[in-house]
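Residues per chain are reported as follows:
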Amino acid sequence: MSALPLVEARGLEKRFALATPWLDRILAHRPRRFVHAVAGVDLSIARGRTLALVGESGCGKSTVGRLLVGLLAPSAGLIRFDGRDFDARAGRRALAPLRRRMQMIFQDPYASLNPRWRVRDIIAEPLDAFALTRSRRERMERVAELLLQVGLTPADAEKYPHQFSGGQRQRISIARALASRPDFLVCDEPTSALDVSVQAQILNLMMDLQEKFRLTYLFISHNLAVVRLIADEVAVMYAGRILECAPSSLLFARPLHPYTRLLLDTVPDIDRRHRSRSPLAGEVPSPIDPPPGCAFHPRCPWAFARCRSERPELRAAEGAYVACHGLEEGRIPV
Amino acid sequence: MGVRAAIRALFGHDRVGGLTRAPAPMAAAAITLLFLLAALLAPWLAPHDPFDPATLFLADAFLPPRWAEGGDARFLLGTDDQGRCLLSSILLGMRISLLVGIASVLVSAVIGTVLGVSAGYIGGIYETLVMRAADVQLTIPGILVALTLSGIARTALPRELVEAAAIWVLILAIGISGWPHYARVTRGVALVEKSKDYVAAARVIGVHPLRIMFKHLLPNVIGPVLVLATIGLAVAIIAESTLSFLGVGAPPTSPSLGTLIRNGNDYLFSGEWWIAFFPSLALVTLVLAVNLLGDWLRDTLNPKLR
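Here the protein sequences line up with chains A and B, keeping their order. Final position of the first sequence in this note's numbering is 334; the numbers increase by one with none missing. Final position of the second sequence in this note's numbering is 306; the numbers increase by one with none missing.
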């Protein structure tokens, strides 16, 4: 994690109250129960870099993304953006200058564009919201420029979303995200709803745009092949916490945490067709009643007594950050 | 922009074009249109002015329809107890019925949509309050709500205003009695749409919640509301007629179909059947046509039923 991060989170937590009927709770004398979607996450992303957040479904990676752009307010912890506190509970006006600089790209290109709006109005939504253009003509010119930047044509501005393919829709989504000239983009599985051939095009576009505008990405994905291509650093999440965070090349070459190792082991490899695999057994623990100690211990082949009682902290080891008692004590071979 | 393009912009598809291939809804649409036109042009279509005392003669009272024995060539559908031309009364009465029906549906739809969409989008305590209020009101028959409201208005308003404001009281009373249906449907649509990512994208930008509700959620609500409104129009016309029949609706000086039926009801058993029969026939035909149209619209716009 290098100096002068653009985006920084410290002790980020998000609890969701379970919707138990109020009357049932009173009658059964039960307290409100919470889902700990994010249970203490620290991260920082340097300007112009890409941090990938990987993990199984339900590990809280999307929630982290939504917290960082202010779609959700954190239950605890703080977010700093370019050295300034970003509090999603602050007033709309107070947040506008920071909001202009952060945008989001979503997974489902069919749900992220309003089907009743023309493409020009979709792309111009941030322009209108931040009053970035002074005249209709300027607005049209900016929309045309954005369409060209994402590989579409200015004539597409008059069309409706249903006239485009999934990949083209994702390009429109990217154009909208770029409209306010942001510094930081949260990309929530932007390619996982697309065909493989289209995925590559979108990833290339995103990398080109990153270089051109010096964008900073938080790239949320469960697809390790995609992550390997685009990320500078990778953070592995499990049950609401980061278990390992390392430069991408290092993590893929030499995963440290047992979970990361198992995760990489599940990636199909055409050169090693007959290797023996140890399948990752079990389920992600329930975020309502997380197991004590290390959240991964019920599935970990190396788990020992300390893992069941004490939660490991993220510590620097071998050029990476890992949260594992086994590694710290040298019980697990590096 | 053609009709088809307008329909497509409104509903996202143009299946409404199928109307020409369905004979029953086609007839219903034609009859509804005919009644609307008749009501609109009533002052010019009506052969007599039943509210001009100078042209009324008691000697013309209780004349049966033209084709019946003792009928008069001047009065196609006969006359009532005051010697008023029944056909003219029906045409003008339908005007009142349709005016009250359409206006009260508008009142219901606006109140219900505003409360429903905002409840769905805002959620929390506000949503609970709005939706429980709707539930409570739905346990009381709509006509009872309207009856109570119009009763309260009659006592609250000064005497000389009661008659002048009767139509407005009627519109508000029927309108308020119908909002929960719109609130329930629009809240459901708002809940579905608000969870979609295009709303999240607008929230990331910091778009004002009111603008999100108007620009993103409202267009999705228009289709279902239009269907409810068509079905609701029939209900509102019946509610108006019922209230008028009970004597708390349209005043005798500007009678609606319900007022005419109540008036005719007094003579039903003394042999002057036509005074109640023809207004009733007009009411039944109108309500049936509007209802069929509404059902067809609902089925057409609901992809699950096709």
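Keep in mind that a hint or two might mislead.
[Unchecked claim] Anything over 12 Å on all C-beta distances counts as not near chain A; from chain B, calculated:
hint: 1; residue: M26
hint: 2; residue: I31
hint: 3; residue: T55
hint: 4; residue: M131
hint: 5; residue: E193
hint: 6; residue: L217
hint: 7; residue: L218
hint: 8; residue: I222
hint: 9; residue: P252
hint: 10; residue: R298
[To be verified] Under the rule of at most 30 Å between Cα atoms (straight-line distance), these lysine-lysine pairs were calculated in the DSSO-like manner:
hint: 11; chain 1: A; residue 1: K159; chain 2: B; residue 2: K215
hint: 12; chain 1: B; residue 1: K215; chain 2: B; residue 2: K196
hint: 13; chain 1: A; residue 1: K212; chain 2: B; residue 2: K194
hint: 14; chain 1: A; residue 1: K212; chain 2: A; residue 2: K159
hint: 15; chain 1: A; residue 1: K159; chain 2: B; residue 2: K196
hint: 16; chain 1: B; residue 1: K215; chain 2: B; residue 2: K194
It is worth saying that the hints were derived from the structure and are not from the lab. Glycine included, every Cβ here is placed at the ideal spot set by N, Cα and C.
Results of checking the hints against the structure:
no.	hint	verdict
1	M26	holds (29 Å)
2	I31	holds (32 Å)
3	T55	holds (55 Å)
4	M131	holds (15 Å)
5	E193	violated (9 Å)
6	L217	violated (10 Å)
7	L218	violated (10 Å)
8	I222	violated (10 Å)
9	P252	holds (48 Å)
10	R298	holds (21 Å)
11	A:K159 <-> B:K215	holds (18 Å)
12	B:K215 <-> B:K196	holds (14 Å)
13	A:K212 <-> B:K194	violated (34 Å)
14	A:K212 <-> A:K159	holds (27 Å)
15	A:K159 <-> B:K196	holds (21 Å)
16	B:K215 <-> B:K194	holds (12 Å)
The structure fails to meet hints 5, 6, 7, 8 and 13 from the earlier list, while all remaining hints are met.
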